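Peer 1: Chains as they are written, first to last, in our numbering: chain A, 1351 to 1741; chain B, 714 to 920.
Cross-link-like lysine-lysine pairs, in silico, BS3-like; alpha carbons within 30 Å at most:
id: 1; chain 1: A; residue 1: LYS1405; chain 2: A; residue 2: LYS1476
id: 2; chain 1: A; residue 1: LYS1697; chain 2: B; residue 2: LYS818
id: 3; chain 1: B; residue 1: LYS898; chain 2: A; residue 2: LYS1697
id: 4; chain 1: A; residue 1: LYS1421; chain 2: A; residue 2: LYS1431
id: 5; chain 1: B; residue 1: LYS818; chain 2: A; residue 2: LYS1431
id: 6; chain 1: A; residue 1: LYS1697; chain 2: B; residue 2: LYS780
From the structure, some residues in chain A lie toward chain B, with a derived Cβ separation under 10 Å:
id: 7; residue: ILE1377
id: 8; residue: PHE1380
id: 9; residue: GLY1382
id: 10; residue: LEU1383
No lab work stands behind these hints: they were computed from the structure. Because the structure is a prediction, the values reported are computed rather than measured. Note that beta-carbon positions come from the ideal geometry of N, C-alpha and C, so glycine has one too.
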Amino acid sequence: MGKKILSIAVLLITAAALLISCNESDIGVFYGLAHEEKVKNYALPDHCTSESMVKTGGYLYVAAGSIYRKKAEGGELDWHKVKSPEDYHNVTEMGLANDTIFILAYDADDAKPYLFSGTGDGSWEKKSTPIDGKISRMRVTNNVIFITDRSGHLYYSDDDAGSFTQDTSLPDSKLFSTSTGGFDMTYGGGSYYLNAQYDLYRGNPGSWTKFSPTHNGKIWKDDEDVFTRLYYDEDDDRLYTADNSGYIYAVDSPSGASGSSWVKSENHARSGMGLQGMIVLRIPTSTGGTHKVLLAGSGINAGRGYFEVHNPRTSDRDFLDPEVPKHKAATELLTDYYDYMSFDISKAAINSFFIDEYSDGNSFDLYAQTFGYGVWKNTNKGGYVRAWNQE
Amino acid sequence: MMKDLKTKIIILLTLLVFISGPLFAASDDDDDYDTYQETFSLGDQMFFINGGVFIPLFFFDRSLDVKDTNLTLGGTGSLCWQVFLTNHLSVGAELGGMFALSPNKRVLYMIPLMLKATYWIRFYPFEIPLSLGLGGNLSILEEAAHIDFIAKPGIGFYWNLNEEWAFGANATYWFVPQMYSGSGKVPSDNSMFGNFMDVTLSVLFRF
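Bound-form chain B, shown alone (with noise of 0.2 Å):
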């Protein structure tokens, strides 16, 4: 009988053992995953490279009446350097830029130079980081040319590679208000708000 319940015992402790082992094994990895996303601290640094695709969506002026852009499926780009505040948390700067034709195949160029704050939401190895853009931006068509307030708002989705690299996608709103005084050249009347977006292909490193 003492036989039988020792046998029992050990049966049931090897079995603990084994079921038991993947528990603690996968609690030492959640372990390491939350040291891992602890990792970044303040003055933690990374570094953007982003190419896609630009997509025009709309104008409306100030009586909010909805234009076409008249602009073709243009290509887009940017570096963006930014350092960690918290470990969700990070600031940095983002220069851009982007081309688009118009109906006479005349060329517009965009050129965003911004700062940026972004919040990372984790679920390791995927990360989605929520960011908004703020600057000046540089419109160019032709001879003409305009400095404007930009804002980007944006999100994406990383796959962490390693602790250094990070690949990814996103998805940003173009909001640039054109505004004209009507002091200089052209007429008030030609203020338009430009609506915009991009998708593009991210490349990350951390370090």
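Looking at chain A on its own, in the form it has when it is part of the complex (with noise of 0.2 Å):
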């Protein structure tokens, strides 16, 4: 009897180490324990949708459905609640112009959403625009406030909202389509550019001209992908963009460059999940050069945390694939370790990146703005890297 019960614990040994020796997780067990920390907060509420964020007067506001806003520079580690314009809520956008700041808040009663200016200090000056009530989406850049409307048109304001034109020289129909998403703009090196889901445009408000990036004459990405966000990087007068199929794109010199001058990424990344914001970080060495990491993130598609493409470079198509999801970076660069949560930036949607450059020029904080996990934060202080905290 004895035999026979040693026999079948043996079985079933042998059984489940064949047959449970999975690991859905990417992270060992053990050295997940090991490396973990406890999450702190900071006041801002965990499942928070959040986009957009802006730093004056030395503070930072972030919209995340409310306002809030804390010390920059790492001069605090909760972030207050600022009231709201009274009688709207749901606050979405931000963007910051002349050092004001521009929000789109919606109206408690009809939901519908509205402009407003403020300094940041609880109160809000509501601003008129063509579109009152139908607005869709907002974007601030170069001091120009640009906000679309459901169908797709297009007006901007460079007076600190205190006249919007509507933008004609662009087509007026299904350029930005709510359902799509894709809306984008920046400035640098000179020139205004567009992302209009289907094409990206070059110029100034009032005068574009179609800036997408071409192959052998015709545009570079399946017809029914979208570009989804743009990203210029001063510092390598670079321009990026992103499309849902997971590709990266990068032109050098975009203010005079062709769209036949942009480069596409050799690969997509994992499974191609659509790729939303994206920053270019140079991170303090330890022996004293920089590390320049391009960070792209998983859309809501997906919700995969953020890819690195390590030194980003044009010279080869290989050079702007983005690797695996970096939740744990491959090289320690952003943080050692945080798949630890339940619910944790690796399993986010990034809407976007937002740096908090110091004035001591050697450190920053890095925030992403998830959909639906909040805001996370990775401080940088002279090399020194922490892991991701949700905020």
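The task is to assemble the complex, starting from two chains supplied on their own in separate frames and drawing on the hints.
Peer 2: Right, here's the structure in full:
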């Protein structure tokens, strides 16, 4: 009898080893525990959606349903709620023009969006636009405010929302479908760049020309794909964009380049996940140099944290390839580990990154704003990098 | 004179009887103990139920760098069946389980299934079992799971209530080398060696 039971035990152990030696995570069980840090919470809602953040007057402001602020450059850890416009709630977007904060907030009664301006002290002024109650998206870059309506029309103001002009230099329909997203705007090197989903444009408000990546005379993406976000890296004078199949595109000296000058990554992000917010970091190394890394947040269709492109270059398409999600950085540039929360940044879709550079020139706080998983921060002080922490 | 001698002999014999009585009685008891100890022979079985505290100790990696487990004290329990091969040696199998919490309240579960051998040191009514369990251990932490080898050396202290029932306590060391080859999603540098222990109370039933 004993022999029989022993045989059964051996069989059970063998079967278990064969059948359950799986690991759905990409982190070792004990390794994960050894590197786990207690999550601190700095007063932002853990499940808020956030896309925009600004820095002005020594404070950081974030739109995350409500408006929150704290002292910049690590001067304060906890965020404090700033009073929203009375009778308006759900602040979704935020931008900064001439030290004035502009927000989109929704009427508490009819849930229609309106534009407000303020200095961050809780007093807000409702601004009049041609599309009051119909504003879909807002971007503020180089002190120009751009807004779109749900029909895809673009309006802009270069006088702090004193007046808006409809931009008639663009096709006026289906430029910015609210269902597929993709509207973005940036400025650099003397030009504005506009992402209108299926095409990119370069120029100035009211005067745009197509600037989409082209290859062999055709736009260099699948027809059904849309461009998602734009990012201009001033130090390299390089413009980046990405699409919702996970490819990254880059062009040097974009203000004078042609569409065929774009370089497209050889490979896309894992599983073709769409990419969203991007940023280029230059992280001090122990040898006194800097390491350049492009971060590209995964889109809402994936929710896989962010991808890293180390030392991105346009000389070879391989140098733009997004790697596997690097919530654990391959070279430990950003953090050592954080797959230890039931919700963590590696599972989040990242709308935007925001960098708060310290006046010492050697430190920064990097913020990742997610879709439904709050805002996360990673502090880099003189090359010493901490793990991501939810704000 | 003779009467005195006879009286002295009677007194001496009487004393001897009184003195030797307990001695003989003790000797009889010793024989009983020996008989009791020799009761266990091939095929005799026993069943343990253990429960107690799980104590995380430390991890170390392949560079022998020691890491904190970051785990709280936990709970553990096990069921063990063994059969005697000789009076002092028993073998069997043990199925256990434990839980402990991470800093963010994630729950680590480990479920060891082992073959176990025990050597029994006896001084009635107490027994000291020295055991070694070897087998597989399933570690589960949320969506991560892994099967590893486990070795559990342990020592116990039992008091026998009677021939069937005994109660005691155990202290057991858990050594779990969690190795990753790097061929899967988890890189090989995630390999860690887990070191834990438990202290349990135990009920033993022999049959």
